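> Numbering (this note's numbering), first residue to last: 7 to 442.
The hints are simulated quantities; they were obtained by calculation from the structure and are not laboratory data. Just so you know, not all the hints are guaranteed correct.
When the alpha-carbon atoms are kept at most 20 Å apart in a straight line, the in silico SDA-like pairs for lysine to any residue are as follows [said to hold, decoys possible]: (1) 135 <-> 208; (2) 135 <-> 382; (3) 163 <-> 34; (4) 13 <-> 132; (5) 75 <-> 382; (6) 163 <-> 35.
Just so we're clear, the structure is a prediction, and the values are computed from it rather than from any experiment.
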Amino acid sequence: MSNSQPKKWCDTLLIASTFVVVFLWSESFQLRVFKFSDEFYILRLIATLLIVLVTGICIFFNDFRIVIKNFYFLSILGLIATAMLPTFLTGTLLYDQQLADVVRRPLFFYALLIFVPLFYYPIDLSTLKRLNKVIVLFGVSLALFQSVLSFVPEVGKTLLNDSVYISSRYELIRMTVTSAMLPCVLYAMFYLITTFSLKQNSILYALELVILLYYVFFVCMARSTIFGLAFVWLLFYIFYRVVRKQLLLLGLLILLLLILSQTFMKFGIIDIIKGSAISIEEEVSSGDGTIGVRMSGIRYYWHEFQRTCFLGTGMVSRRRGINTTIGIGMTKYKYNPADQGIFSVVIQFGFQALVLTIIICHHMFRDLQFVVRYGILDLKIIAISVQLYLFFKIVTFSHMFLWHVQGLWWGLFFFITWKMRDLVAEDYLYQLRENS
């Protein structure tokens, strides 16, 4: 057996392990048969504990001084501390939370630590590309799965657990992936759009992109997602001149799909976009609807934020804190902090969370831009895709890094960003030495 053969087996084991962790994090595609508890996400909890266990083993058997110097690892520690501090202090002092509650609520933030095992493993370019492919294929698979179930919603209600929101909008069945898996779907879309814009493509890529577009416009139908994608597309066109021609051609193709959807479907994409814009305008002017509820929720929780001397309300359990002012806001008034984006980050974790978010964003954009400038084409595509996802999170006023249900994805994106920067820097320095 050659020396490279054991490495290939280890690479395959790493990719397979990552797939298993992502599958557990998705609660097994949100199938009802794997829903073991109404209060806890058991499979996601198992994924988190596995990550923590493997992280501890990696740190114990390796030199901890190496990873402690890494910016993204320090950022992960900062994010966990930022979430834990107000949850512990204000949770126990103001909101009658028990020690078990304040420890359990931010637990999924520890999934960020998936960065550590990947950091210590000697991942090369081909393995990094395979890791990226796992994320993309998982996103496409989720979109395809729920798009198919949208045609048979009764089957969907039987197969999927209650965390999948199934309703109707514009006389179409609306079905959304859980917030814990939405980053996977959106990143897959940005990756496929970037791939189409920068390199030779295949029919398979085209089919995958059509699946994702269909899911976003005809199944998910989230207004912030639709308009956020449109805005990011415009930013892509403005800032990346090299892809303008390809983006224009892709835009014409999508425009053709728009026209076809208007012809053959009762509600086409144009109708959905127009209806979304009208409903947003009406809800903003009247103060009713989901936008009105979210604005009222921000005002309600802002008063609580002031009570904490701007430290942050922390993460209060909906069930165990039901008699607190935060619990009343979540249960009686239906003010869901998850719907309030970056405002919820400030209210829950304080202004220090916003500062930390800005610092991490700046560092990520700088590293990704270095990859775009000096990296090979495959790495450029991944780097631009992560940039577009960051742009999307910013323009939609999302939680960014401090949303516990998305901790796994930010751990993966931190690693991918750092590893690409590291690979490109090594190659760049080598070229400089060769040319000197």
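> With reference to the structure, classify each hint as holding or not holding.
Now for the hints, and whether the structure bears them out:
no.: 1; hint: 135 <-> 208; verdict: holds, 17 Å
no.: 2; hint: 135 <-> 382; verdict: holds, 12 Å
no.: 3; hint: 163 <-> 34; verdict: holds, 15 Å
no.: 4; hint: 13 <-> 132; verdict: holds, 12 Å
no.: 5; hint: 75 <-> 382; verdict: violated, 27 Å
no.: 6; hint: 163 <-> 35; verdict: holds, 13 Å
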